[in-house]
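S.K.: Going down the list, the protein sequences come from chains A and B. So in our numbering, the last one in the first sequence is 952, and the numbering has no gaps at all. So in our numbering, the last one in the second sequence is 250, and the numbering has no gaps at all.
Worth flagging that the hints you see were computed from the coordinates, not collected in a lab. Any given hint could be a false lead.
[What the hints assert, rightly or not] Listing some non-contacts, in silico: residues in chain B with all C-beta distances to chain A over 10 Å:
{"no.": "1", "residue": "176"}
{"no.": "2", "residue": "211"}
{"no.": "3", "residue": "217"}
{"no.": "4", "residue": "219"}
{"no.": "5", "residue": "224"}
{"no.": "6", "residue": "232"}
{"no.": "7", "residue": "245"}
[Unchecked claim] Calculated lysine-lysine pairs in the DSS-like style (CA-CA distance at most 25 Å, straight line):
{"no.": "8", "chain 1": "B", "residue 1": "222", "chain 2": "A", "residue 2": "215"}
{"no.": "9", "chain 1": "B", "residue 1": "182", "chain 2": "A", "residue 2": "806"}
{"no.": "10", "chain 1": "A", "residue 1": "590", "chain 2": "B", "residue 2": "209"}
{"no.": "11", "chain 1": "A", "residue 1": "605", "chain 2": "A", "residue 2": "590"}
{"no.": "12", "chain 1": "A", "residue 1": "601", "chain 2": "B", "residue 2": "222"}
{"no.": "13", "chain 1": "A", "residue 1": "249", "chain 2": "A", "residue 2": "236"}
{"no.": "14", "chain 1": "A", "residue 1": "837", "chain 2": "A", "residue 2": "783"}
{"no.": "15", "chain 1": "B", "residue 1": "219", "chain 2": "B", "residue 2": "209"}
{"no.": "16", "chain 1": "A", "residue 1": "601", "chain 2": "B", "residue 2": "182"}
{"no.": "17", "chain 1": "A", "residue 1": "605", "chain 2": "B", "residue 2": "222"}
{"no.": "18", "chain 1": "A", "residue 1": "240", "chain 2": "A", "residue 2": "783"}
{"no.": "19", "chain 1": "A", "residue 1": "590", "chain 2": "B", "residue 2": "200"}
{"no.": "20", "chain 1": "A", "residue 1": "569", "chain 2": "A", "residue 2": "257"}
{"no.": "21", "chain 1": "A", "residue 1": "605", "chain 2": "B", "residue 2": "200"}
{"no.": "22", "chain 1": "B", "residue 1": "145", "chain 2": "A", "residue 2": "590"}
{"no.": "23", "chain 1": "B", "residue 1": "200", "chain 2": "A", "residue 2": "601"}
{"no.": "24", "chain 1": "A", "residue 1": "727", "chain 2": "B", "residue 2": "200"}
{"no.": "25", "chain 1": "A", "residue 1": "300", "chain 2": "A", "residue 2": "858"}
Only a predicted model underlies this, so the values are computations on that prediction, with no experimental measurement involved. C-beta atoms are modelled at their ideal positions from N, C-alpha and C, and glycine is treated no differently.
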Amino acid sequence: MKKVFLFSLILSFTSLMAQTSGGIKGKIIDSKTGSVISSVELLLSPSNKGTISDNNGAYEIVGIPAGNYKLNIKHIGYVSVVKNITIEQGKITEFDIKIDVDIRELLAVDIRDDKIENHAYSKVVLKEAQIEQKPVRDIADYMREIPNVSAVRKGGANLDPVIRGFKFSQLNVQVDNGLIMEGGCPNRMDPTTSHIEAGDIEAIEVVKGPFALRYGPVMGGVVNLLTTEPKPFENFQVHVKGNMGYESNWNGQRQHVSVYGGGKKVFFSFSGNNAQYGNYSDGDGNLIASSFNKFGYNGKLGFALSKNHIITMSYSEFYARNVEFPALSMDERADNTKLYSLDYKGRNISKTIETIDIKAYMTDVDHTMDNYSRGISDTVATVSHLIAKRMGYRAEVGINTGKSSHLFIGTDMFHIEKDGDRVKTMLGQFPVMGKVPVKIENLWNNAVINNYGIYGEYTLNKNLWEYVVSTRLDFNSSYSDSISLLNKNKDDIIGISADSTISSFVNFSFSAGVTRKLNENMSLGFSIGRGVRSADMNERFIINLPVGFDNYEYLGNPFIKPEANNELDLVYKYRNQNIGGFEVSVFYSFVQDYIGGVYLPPSVQKPLMQSVLGVKKFENIGNASMYGFEFSYATPNQYKWRASLTAAYTAGTIDEVDVLVFDANGKVTGKNIINNDPLGEIPPLNVNLNLKYDFFDGKIVPSLNYRFSSSQNRVSVAMQELTTPSFSLLDFSMMYKHNQYLRVVGGVNNIFNVSYYEHLNRRIIGTNTRIYEPGRVFYVNLIFNI
Amino acid sequence: MKKIYFIIVILGIIASSCQKEADPKTVDYMITGLADPYSIVYLDADGNSVAETITPDGLSNKWVKSFSMEEGTHVYLYIKFTEDISSSKFSMGIIIDGKYYKQAKHFDEESIVAGTLIFEVKRSGIVPFE
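Model the full structure from these sequences, guided by the hints.
M.R.: This is how it looks when you write it as structure tokens:
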């Protein structure tokens with residue numbers, strides 16, 4: 167009896183509540199196209215109840231007491247809207263909401279405009295409009311504007327990105343969601359970012375941490391370079407777009423032109439680019455060997471099989487000539503790169519299968535480098551020629567698993583082949599049997615790496631919570647022909663037979679994240695992940711080459727274990743229409759089986775070059791820890807004046823490492839073990855302040871940028887790393903928008919001609935002098951789109 | 121029409137900025153001042169080692185070999201001889217575009233082979249980039 171009474175009471179109460187409360191429901195619609203929009207955030211204040219529109223654009227918020235409320239509607243790429251609504255007692259009011267595409271979002275000028283998605287980890291997107299207004303001669307150079315992103319400089323161009331202290335193969339740098347190229351140079355003269363022309367970039371996505379597992383094995387972060395896609399047009403049309411720039415100091419000029427257009431069924435984009443830069447002077451007037459010439463072209467053809475099925479074919483050729491690298495023993499004489507890609511995109515396949523993305527690609531790099539500009543070439547003239555090929559695919563299906571949940575499952579694969587040799591003409595020796603002596607040494611010997619991966623990512627939005635879980639399994643194997651090195655007596659001092667180079671690993675990675683919208687203005691996200699990557703070509707197979715930033719030759723180790731990054735991230739975001747938006751991220755990484763070099767005494771392995779201190783072999787040298795933060799703030803869009811402030815810091819240590827002891831003659835006499843040695847090549851604290859003002863509705867926009875980089879005294883003792891002093895820089899630029907077709911941007915970087923170098927700038931070879939950054943540079947960019 | 125003119129101007133500016141290939145350089149290998157036959161080894165424009173025995177003609181006692189070579193090409197001239205050059209006006213060297221790049225007026229190495237004094241001298245390098 168009591169139970170019946172209690173049940174009746176609950177039923178009556180619920181009924182009473184239903185009668186006193188109400189709600190709203192409807193659809194979110196694109197005001198221009200009329201199509202529904204999913205994943206739109208709706209938040210009712212002051213009730214703090216909210217929801218996300220489902221795959222049909224439908225939303226519903228119920229159980230709200232009658233009264234007046236504000237409904238906040240937000241979605242990336244669309245103008246945020248606030249509507250006044252009245253909830254009526256016992257009634258679910260139905261109304262559809264139309265929202266407008268936000269051009270400013272699509273052509274975002276500030277980095278902070280793109281941190282809108284409520285991911286539990288840090289993601290930054292740089293858009294085309296930001297890139298084309300700067301003198302971008304190198305993509306990695308430009309990416310240094312992102313907090314906690316730096317780059318290793320060995321010459322004027324072809325910088326190598328570093329994210330939160332993770333670098334080289336610890337980062338997954340790719341093009342167009344899956345195309346990853348293998349550079350030719352063992353010293354990374356040609357990282358992936360150097361093979362893509364800035365003018366072809368539509369957006370750069372940077373995801374920090376081991377969380378984006380859909381895009382291949384990842385440890386420190388993903389950099390996704392999205393190039394311009396050909397798009398269908400309602401009526402056949404052709405457009406021309408271009409960017410021409412000049413920089414003083416370098417006396418450098420670059421041009422990029424693309425022709426794009428088409429109709430509904432067939433559409434295209436073709437582009438060409440050219441850049442010629444001379445040597446620049448630093449702030450003290452010293453000339454730095456930094457010249458280069460790069461040119462190339464790119465063609466894409468799209469076919470719309472139907473509205474929801476598109477096939478795209480892409481082909482690119484990029485060339486580099488005479489690229490100087492004063493930090494290395496050689497310069498890049500010629501680099502010829504070919505990229506092939508075939509993509510299929512399917513959308514709204516069925517009620518369950520929402521998306522299908524398939525990509526097959528191939529990259530072919532032919533790389534020649536020599537020491538002809540070095541004094542030693544008079545006695546030993548060295549030319550290295552390398553061929554690096556990579557092919558692979560990525561196939562992914564997006565599945566609708568519920569009203570607010572989604573599942574991606576996919577598979578990817580890559581196959582890398584690398585071969586190369588070093589030819590030394592011994593010009594310093596007398597001829598032997600009437601011939602100038604020539605030595606040929608293998609750098610790699612037909613080395614191969616294969617990787618097969620399967621992955622899944624599940625996301626769920628429930629009220630004000632977003633959950634993401636992803637896992638990944640990689641099957642990685644490698645082998646090469648025999649690894650040998652003949653000494654003067656023709657004895658093989660390495661002597662690893664082909665059979666002994668075979669290795670294989672199974673790598674498991676996972677990540678999980680949760681984000682909670684605390685109220686209409688703020689969210690808090692937490693992620694945990696483990697990203698595993700197997701060793702790269704250098705770490706497994708290189709034969710006596712100085713590939714580190716210390717002065718040692720390195721020997722590969724075919725059996726080296728994979729590295730694993732275990733990371734925690736906490737991300738707090740706040741956004742207010744009157745105050746602005748800011749984001750704070752903190753992270754902690756624990757890296758297991760960190761890959762580094764272990765010294766080999768001369769009795770085991772002698773170096774080939776006299777100028778190095780000895781030979782190190784790649785090994786798993788222990789565990790490392792990294793931690794740090796990023797902060798960014800920007801004023802609201804609505805004001806004519808705008809300011810943004812960013813700060814970032816990373817520190818890292820290795821738990822135990824050998825430090826060599828040298829005598830007065832530079833010979834190794836022993837070694838000590840030190841604990842918690844700082845990791846090498848980690849940039850110091852960096853703070854950036856930018857101020858700009860919109861005159862005449864954005865027709866003229868001047869901008870002032872101040873940057874402070876603190877000194878870096880946390881340096882690796884084991885790697886004999888040098889400290890770096892602090893510096894401050896001031897830049898000015900002005901954008902003039904003549905009309906919708908033409909813009910001009912001009913400015914001056916390093917106004918006070920400060921003489922400085924970044925912590926990650928390497929030493930000029932044979933010296934302890936670092937490569938200095940350019941002094942004052944005046945630049946102008948002409949951007950047109952017809 | 122204005123758009124077409126604009127595009128043509130832009131394409132013209134781009135075309136004019138394309139880099140020309142560097143002109144090849146004239147490289148001369150030269151030996152003077154020897155009266156007796158001597159052996160030489162040099163690298164030609166294709167990087168091949170060429171070994172020859174030169175018999176001076178007695179008139180000018182000058183040997184010259186010229187090539188057109190690109191920047192970055194290896195240059196190498198080696199000579200082995202037995203005569204006493206202390207009172208002669210011996211000179212050897214590599215000349216690039218009329219200017220001496222590497223030169224020698226004395227021997228580098230002296231050795232005795234089967235009772236005979238052998239003198240050797242060599243000059244080498246890379247055709248410089250501008």
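S.K.: Are all C-beta atoms of chain A more than 10 Å from that of residue 219/B?
M.R.: Given that every Cβ of chain A is farther than 10 Å from that of residue 219/B, nearest at about 17 Å, it holds.
S.K.: Taken at face value, is the distance from the CA of residue 215/A to the CA of residue 222/B at most 25 Å?
M.R.: violated, 84 Å
S.K.: Take a quick look at whether residue 605/A and residue 590/A sit within 25 Å of each other, Cα to Cα.
M.R.: holds, 5 Å
S.K.: Non-interface claim for residue 217/B: all C-beta distances to chain A beyond 10 Å?
M.R.: holds, 17 Å
S.K.: So if I understand the rule, the pair passes when the alpha-carbon distance is 25 Å or less; does residue 605/A with residue 200/B pass?
M.R.: holds, 23 Å
S.K.: Can the restraint linking residue 240/A and residue 783/A be considered satisfied, given a maximum Cα separation of 25 Å?
M.R.: Cα-Cα ~53 Å, so violated.
S.K.: Need the status of pair residue 145/B, residue 590/A: alpha-carbon distance at most 25 Å?
M.R.: holds, 23 Å
S.K.: Just to be careful, I want the Cα atoms of residue 300/A and residue 858/A compared with a cutoff of 25 Å; is the pair within it?
M.R.: holds, 15 Å
S.K.: Do the alpha carbons of residue 837/A and residue 783/A lie within 25 Å of each other, as the hint requires?
M.R.: Holds, at roughly 16 Å.
S.K.: Check the hint pairing residue 219/B with residue 209/B against an upper bound of 25 Å on the C-alpha distance.
M.R.: holds, 19 Å
S.K.: Hey, residue 590/A versus residue 209/B, does the alpha-carbon distance stay inside 25 Å?
M.R.: violated, 34 Å
S.K.: Are residue 605/A and residue 222/B close enough, with their CA atoms no more than 25 Å apart?
M.R.: holds, 24 Å
Hint violations for this structure: numbers 7, 8, 9, 10, 18 and 24, all remaining hints satisfied.
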